[in-house]
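Chemist: For chain S, the structure is supplied; the task is to place chain U on it using the hints.
Keeping their order, the protein sequence lines are chains S and U. The UniProt record's numbering numbers the first residue of the first sequence as 1 and each following residue consecutively. The UniProt record's numbering numbers the first residue of the second sequence as 1 and each following residue consecutively.
Where hints are given, some of them may not hold.
Simulated coverage check for chain U against chain S, where a stretch passes if three residues somewhere in it have a Cβ under 8 Å from a Cβ of chain S [what the hints assert, rightly or not]:
#	segment
1	61 to 75
2	139 to 152
3	333 to 345
Read the hints as simulated data drawn from the structure, not as lab findings. From the three backbone atoms N, C-alpha and C, an ideal C-beta is built for every residue, glycine too.
Number of protein chains: 2
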Amino acid sequence: MPGVLETSVTTEIPGPLSKASAKKLDAVFDARAVHFVVDYDKSNGNYIVDVDGNKFLDVYSQIASIPVGYNNPATIAAAQSPEMISALVNRPAIGNFPSSKWGEILENGLLKVAPTGLDKIFTAQSGSEANELAYKASFMLYRRKERGEGVEWSNEEIQSCLNNAKPGSPDLAVLSFANSFHGRGFGSLSTTRSKAVHKLDIPSFNWPQAPFPTRKYPLEKYEAENDAEEKRCLQAVEDLITSWHCPVAALIVEPIQSEGGDNHASPAFFQGLQDLTKKHGVVMIVDEVQTGFGATGKFWGHAHWNLTSPPDIVTFSKKAQTAGYFFGDRALIPDKAYRQFNTWIGDPARVIMSKAVIQEILAKDLVAQCARVGDVLYAEMEKLAQKYPDHVQNLRGKGQGTYIAFDTTDAAALVKNMKALGVLTGTCGVQTVRLRPMLIFEEQHVPTLIAAFEKVLGAL
Amino acid sequence: MPGVLETSVTTEIPGPLSKASAKKLDAVFDARAVHFVVDYDKSNGNYIVDVDGNKFLDVYSQIASIPVGYNNPATIAAAQSPEMISALVNRPAIGNFPSSKWGEILENGLLKVAPTGLDKIFTAQSGSEANELAYKASFMLYRRKERGEGVEWSNEEIQSCLNNAKPGSPDLAVLSFANSFHGRGFGSLSTTRSKAVHKLDIPSFNWPQAPFPTRKYPLEKYEAENDAEEKRCLQAVEDLITSWHCPVAALIVEPIQSEGGDNHASPAFFQGLQDLTKKHGVVMIVDEVQTGFGATGKFWGHAHWNLTSPPDIVTFSKKAQTAGYFFGDRALIPDKAYRQFNTWIGDPARVIMSKAVIQEILAKDLVAQCARVGDVLYAEMEKLAQKYPDHVQNLRGKGQGTYIAFDTTDAAALVKNMKALGVLTGTCGVQTVRLRPMLIFEEQHVPTLIAAFEKVLGAL
Numbered sequence: 001m002p003g004v005l006e007t008s009v010t011t012e013i014p015g016p017l018s019k020a021s022a023k024k025l026d027a028v029f030d031a032r033a034v035h036f037v038v039d040y041d042k043s044n045g046n047y048i049v050d051v052d053g054n055k056f057l058d059v060y061s062q063i064a065s066i067p068v069g070y071n072n073p074a075t076i077a078a079a080q081s082p083e084m085i086s087a088l089v090n091r092p093a094i095g096n097f098p099s100s101k102w103g104e105i106l107e108n109g110l111l112k113v114a115p116t117g118l119d120k121i122f123t124a125q126s127g128s129e130a131n132e133l134a135y136k137a138s139f140m141l142y143r144r145k146e147r148g149e150g151v152e153w154s155n156e157e158i159q160s161c162l163n164n165a166k167p168g169s170p171d172l173a174v175l176s177f178a179n180s181f182h183g184r185g186f187g188s189l190s191t192t193r194s195k196a197v198h199k200l201d202i203p204s205f206n207w208p209q210a211p212f213p214t215r216k217y218p219l220e221k222y223e224a225e226n227d228a229e230e231k232r233c234l235q236a237v238e239d240l241i242t243s244w245h246c247p248v249a250a251l252i253v254e255p256i257q258s259e260g261g262d263n264h265a266s267p268a269f270f271q272g273l274q275d276l277t278k279k280h281g282v283v284m285i286v287d288e289v290q291t292g293f294g295a296t297g298k299f300w301g302h303a304h305w306n307l308t309s310p311p312d313i314v315t316f317s318k319k320a321q322t323a324g325y326f327f328g329d330r331a332l333i334p335d336k337a338y339r340q341f342n343t344w345i346g347d348p349a350r351v352i353m354s355k356a357v358i359q360e361i362l363a364k365d366l367v368a369q370c371a372r373v374g375d376v377l378y379a380e381m382e383k384l385a386q387k388y389p390d391h392v393q394n395l396r397g398k399g400q401g402t403y404i405a406f407d408t409t410d411a412a413a414l415v416k417n418m419k420a421l422g423v424l425t426g427t428c429g430v431q432t433v434r435l436r437p438m439l440i441f442e443e444q445h446v447p448t449l450i451a452a453f454e455k456v457l458g459a460l
Numbered sequence: 001m002p003g004v005l006e007t008s009v010t011t012e013i014p015g016p017l018s019k020a021s022a023k024k025l026d027a028v029f030d031a032r033a034v035h036f037v038v039d040y041d042k043s044n045g046n047y048i049v050d051v052d053g054n055k056f057l058d059v060y061s062q063i064a065s066i067p068v069g070y071n072n073p074a075t076i077a078a079a080q081s082p083e084m085i086s087a088l089v090n091r092p093a094i095g096n097f098p099s100s101k102w103g104e105i106l107e108n109g110l111l112k113v114a115p116t117g118l119d120k121i122f123t124a125q126s127g128s129e130a131n132e133l134a135y136k137a138s139f140m141l142y143r144r145k146e147r148g149e150g151v152e153w154s155n156e157e158i159q160s161c162l163n164n165a166k167p168g169s170p171d172l173a174v175l176s177f178a179n180s181f182h183g184r185g186f187g188s189l190s191t192t193r194s195k196a197v198h199k200l201d202i203p204s205f206n207w208p209q210a211p212f213p214t215r216k217y218p219l220e221k222y223e224a225e226n227d228a229e230e231k232r233c234l235q236a237v238e239d240l241i242t243s244w245h246c247p248v249a250a251l252i253v254e255p256i257q258s259e260g261g262d263n264h265a266s267p268a269f270f271q272g273l274q275d276l277t278k279k280h281g282v283v284m285i286v287d288e289v290q291t292g293f294g295a296t297g298k299f300w301g302h303a304h305w306n307l308t309s310p311p312d313i314v315t316f317s318k319k320a321q322t323a324g325y326f327f328g329d330r331a332l333i334p335d336k337a338y339r340q341f342n343t344w345i346g347d348p349a350r351v352i353m354s355k356a357v358i359q360e361i362l363a364k365d366l367v368a369q370c371a372r373v374g375d376v377l378y379a380e381m382e383k384l385a386q387k388y389p390d391h392v393q394n395l396r397g398k399g400q401g402t403y404i405a406f407d408t409t410d411a412a413a414l415v416k417n418m419k420a421l422g423v424l425t426g427t428c429g430v431q432t433v434r435l436r437p438m439l440i441f442e443e444q445h446v447p448t449l450i451a452a453f454e455k456v457l458g459a460l
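Isolated chain S (complex conformation) (with noise of 0.2 Å):
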């Protein structure tokens, strides 16, 4: 048995039982993707195990998602609590019945996180859905506001809508970045443009995309540079939102682009777009999916940039074990009931998670932590890419918590030989290798993943 810190790799990755696992599994369920399979009861903390008893230092979390750590015990108290059972066992339409304690479980929980200034909150299953969502209260408030607050639906557009046709149905866009990832729904999906393999041979709308800037590192020597690109990107976002071919009615960013390479930029950056926003009536949703929930060292990406006023709209999932959006302005709730509705409107099992891992993170102080963390790593790639600077470029994420990030020449190999190492990590974007620990991931741990660093690197 490895030591509580140490991690065990005995056989290739995957192992013969992974490897007999998943072929079983792919008979009746897609399993190409599958990297190994786990056994999540010997699994603990920070490490993983799989079914051949190798162990890992888990520096990916499930693509950005297990908060608190595998098996916390706050969370297991959660799972076996009686109002846990009885959300398991009676899963309402929370629209038309909800539970006596919805209420509750929102306000100790979710709402208790809420970014400043957003005290509204809509539930979903997953962050591409919040998206979708946010979407449609932005299109229902545009066009409430273009007919004109009280005015009743015309019979044309209500039998027109019914047939996909304007004017019920309009002609309205979401403005959204080169390189962003929204989701994969066909709405989500037409903002998001990372990558080929989510996008072709699906239908999409045809909505504007903006160039996100494209900084070059290390900052303190390209500033002019980098200043003059945002500069360029933000007057491309205000010449497609006054010249596409229908209106713009939502822009939505993230506040580090991850999926698509952990692409950051600066606070005037985002002030810039939300002064856009307000200038020609666009909703602003900041897509918080990965950024939220602490990893960047504050509880929420954007309140990193010190806007002068809230977003309209954040959404967010992954670390939160739930989705949904959170606004403050109520002419983002529809004229009518039952226009932004489903049968389930989120899963009040997956929101009393969330609402223990909150309170996991108020309590032991996680976000503080994981800035506190991130400086300490973060020094230690530093020297990393004085060491390898054909290996370690542009390295990313300074003050930004534990979201570090760099490019490499092959980051595919470069995270399988971390992998058999016993230290997983991920790849983003085409050539950037992206560290994503829970936000228990302390001092303590760094050594490991920077030792496993080290010889896969100076291997090179």
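Modeler: Just chain U now, with coordinates in the frame of chain S:
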């Protein structure tokens, strides 16, 4: 305390405590559609109890989604099981890191009830998502056939899809029927045709809408007319497939149009549809989100059709307590990994609940029970139809388990009056009352429902 089979209403509905609770909730969560606020701890079996202590016989079942009753002991046992606790606290990215138990959970759960001929599954979180995943599978298959098996994507395809442009983002369509409901995502909503409240102001794809047969009742009297009507609709489907501005890659149909008004068609109509899909190379998707899991007296609604071969894809949700699609042909699995993919790919916690529900249904033979009780209920409803011909019209659902509905002059008022007598029913379409009891609805519950109908109808 009312007896086990008794209902009890002592306040107006919603009662004062429900009203106060919903009002408080509405400050943070749109509560305009709340019927009443529920005390799920006091609810049991077929009976739901609100926070004012009113007890209702629930013949609506959370919009047709509670399968085996409130606080069912078998589902409580599943909720308390170690595998559930692990699934709740260690939520995996199933596609990358499945649990060693995942295969077994599917095998002894959802796959046990897979429609004949469909032995593979993709899991999801809602009916809407399940349908969109089915559309994506259909589009990818269509383009793969067009491109030629094994032909690699062109650089032009790869680049253009990121810009939502052809050829990478092709014009392809899903055909659906007038009055259908398939969900509220941007793709599923483009196939939903039931009500303006769902669709108005939301951009949609220009996809074809075929007429669904409008049957005349009683069926014995209008055999020739109904037959001609179905032939007319089949011809319209073929005309749309062959004349639409872009290829129709898939067709989606509900065995009984539920949200759209409980509209039925004959087995011959559905066989005719399948013949058309085979003739024109269109994927046939059967949306069993509401009809699946036994409520029609067979496990799957399409089992009533005696098709000559299985449908290509069957989607499910609601009573399954989770969602996804079944399929048989491996060609519906895209040519590369990560094309049909997302972080969570469903929720194992809900799939474990599904397994418990399925085992309860099979152990207690609840589908046969539903067929038997449905016949009793239908006979009683027929008596009401004879006694109140002006208010119970076009009674339908004979031989379809408890999936029974009728048209009336003011469906909303009727449902409201039933509620005041302690019986929850639902509306659908524009003038229809639908019955959606759970699978544990028995002969002994029929008199309460019928007595309430008698009282309400007698007073009209």
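Chemist: Each of the hints needs a verdict: does it hold here or not?
Modeler: Structure-based check of all given hints:
1. 61 to 75: Held - the segment 61 to 75 of chain U has 8 residues with a Cβ nearer than 8 Å to chain S, which meets the minimum of three.
2. 139 to 152: holds (count 5)
3. 333 to 345: The restraint on the segment 333 to 345 of chain U holds, since 10 of its residues have a Cβ under 8 Å from chain S and three suffice.
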